[in-house]
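Asker: Here is how the chains run, residue by residue.
Protein chains: 2
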Amino acid sequence: MNIKHPIKITGVGKYLPQVVLSKEIEAKHNIPVGWAEKNSGVQQRHWTGNETVGYMGAIAAQSALDNSNTDIKEIDLLISAGASFDYIIPNQAAVIKSQIKNADQYHFPALDINTTCLSFLNAFQYAASLMNEQTRKILIVCSEVSSKHLNEKNWETLTLFGDAAVAVIVEYDTSKESCLIKSMHKTYSNGVDLTKIEGGGIKKPFKFFPYDEELHSFQMKGKNLLKLANKELPIFLKTFFEETGYDIQSVDKIIPHQASKLGLLLFKKMYSLNEKVVLETLHKYGNCIAASIPLTLVDAIENKKINRGDICLFTGTSAGFAIGSLLIKY
Amino acid sequence: MNIKHPIKITGVGKYLPQVVLSKEIEAKHNIPVGWAEKNSGVQQRHWTGNETVGYMGAIAAQSALDNSNTDIKEIDLLISAGASFDYIIPNQAAVIKSQIKNADQYHFPALDINTTCLSFLNAFQYAASLMNEQTRKILIVCSEVSSKHLNEKNWETLTLFGDAAVAVIVEYDTSKESCLIKSMHKTYSNGVDLTKIEGGGIKKPFKFFPYDEELHSFQMKGKNLLKLANKELPIFLKTFFEETGYDIQSVDKIIPHQASKLGLLLFKKMYSLNEKVVLETLHKYGNCIAASIPLTLVDAIENKKINRGDICLFTGTSAGFAIGSLLIKY
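So the sequence lines, in the order shown, correspond to chains A and L.
For the first sequence, the residue numbers in this note's numbering are 143 to 472.
For the second sequence, the residue numbers in this note's numbering are 143 to 472.
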């Protein structure tokens, strides 16, 4: 897609469960002091207790509605964008909708989009493609719980992942102040096995494969992921910026998926980018799957690191293996 | 959405696992002979052995490609539309893509859309919204495995559900022979608890809730579902047909979701419709979640019950609770 779609982010909200310090995890699991920050780059993250995906998502949504003085009745569509779900059926957006105050009085559709870590980008692109006089306000919710899929013996994933919910309200912007400039997503099937939660689906159904910490937890081949990303990302981004009038050096802000410490380092090095342009929240939130990119956006908005009209690149990789980018005028 | 989008179905394919007769299920589970057909309306359905969602989906996709002389390299996007998944991560479309011959050589995106039983309708609408000179061919795959979520003590669901995969290729149709006339989807949150597979998600994670036949299987409140559908469907369809130039009596074919025997009966009675207009496959395939509507379409194409240019209504209900409809010129 290469057309400028008038779409504006007008409200954001978030919900973060209990904070868990890396030193607490290290103490509990006999991990050397400092290992987590050194290796995963994460000082703290938030992990759910009994909070569900729906509960967190609904609170984030309410916060976005309140922050933008939006009434739930103005919402034309709710998209749940992410890989976490409370139930196998119904779909997660329907569950989130049922937990937002007064949303049961309105019958706007509730739909799930899932490209794992890149789900927010696809949801934003979909929202942009729908925007018109009839569909004016869309609520995108990324509510992710990774902490129930962590293998306590796998320090790499145990210290990397966090839980968070973020909600973003996007609106049809007739003033043309804000827009989606371009979006692109590519799936590289040679990397399909590099990131997995293998158990719990139809391949190894729970009926026949009881809970096993390895089978039902994140499995990542970190080195292979970095190798594939390093090969494909430059080719992807070169194509992505064609005909946009921008390149990676000329955008105002870059919000990468907070995939890993090494991934972020290599990305900055590859393009000689610094922390003023490349926004990071990995150290305080960890990798929150699809919530990472919008959470970093919310952090930037709250801390005035992004200004209305900024040209902003969202970019990242996901399981699958996929690369996705979105260029917006904020 | 109320704009005519040029989109044409140019290829279909399916995969059906092993057939299982109702009388076999009755014999195995001490159900009275004839109970299944009398109550669920299903004489036979197909159930997987070791087949996965990805395996079935890839075969259906290959069949659709072959039937339409489409090369995989022509595909611009793969959408997996449904509620079944092989792994929690990566997303199902990425898994299906990795199993289609030669698809690893092309990097088209692979994205999941999930509104449970109505997923095909939302995927079709999404595809239509993207169609342009750059995005010309989209592969929609609905691959559903319900048989791993059946409670053997719950005769209603045990005899109702089936497994199937269907693939549909849609193309940008510049000839304007075929189009999407209108789509609509509404989510009624007062019905969120009426259809569920409760376990296996974050609400009741595997880690803390071991396999339990009731918890990890379909739970349906059939009577309440019918009551809600009977109340909301006429209101929904009245709004849906506004400004289309059609009504439910004037369309050529209606493909409803094959939700249940009683649901189909009440729908036909409500609008005085007969079997020539309302296409049914429940008796031979059961309720195949999101695959039911496209499977009934494929059946109609194979048996020459639908002609190019026919005005065709896809309509149904889903968990959530939701109602969705799509009006196309085939």
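It should be emphasised that the hints constitute simulated quantities derived from the structure, not laboratory data.
As the structure is a prediction and not an experimental result, all values here were calculated from the model.
One thing to keep in mind: the hints can contain errors.
The list treats identical chains as interchangeable, and a pair is accepted whether it falls inside one copy or across any two copies.
As the list claims (entries may be wrong) - Calculated cross-link-like contacts (lysine-lysine; reagent style DSS-like; alpha-carbon spacing at most 27 angstroms):
(1) K345 to K295
(2) K345 to K426
(3) K380 to K170
(4) K369 to K243
(5) K243 to K345
(6) K180 to K346
(7) K346 to K373
(8) K418 to K380
(9) K243 to K363
(10) K146 to K349
(11) K318 to K295
(12) K471 to K369
(13) K346 to K290
(14) K328 to K215
(15) K410 to K345
(16) K243 to K215
(17) K365 to K165
(18) K170 to K346
(19) K165 to K318
(20) K146 to K318
(21) K243 to K446
(22) K295 to K446
(23) K215 to K165
Asker: Name the hints, by number, that the structure is in violation of.
Answerer: 3, 6, 7, 10, 11, 12, 15, 19, 21, 22 and 23
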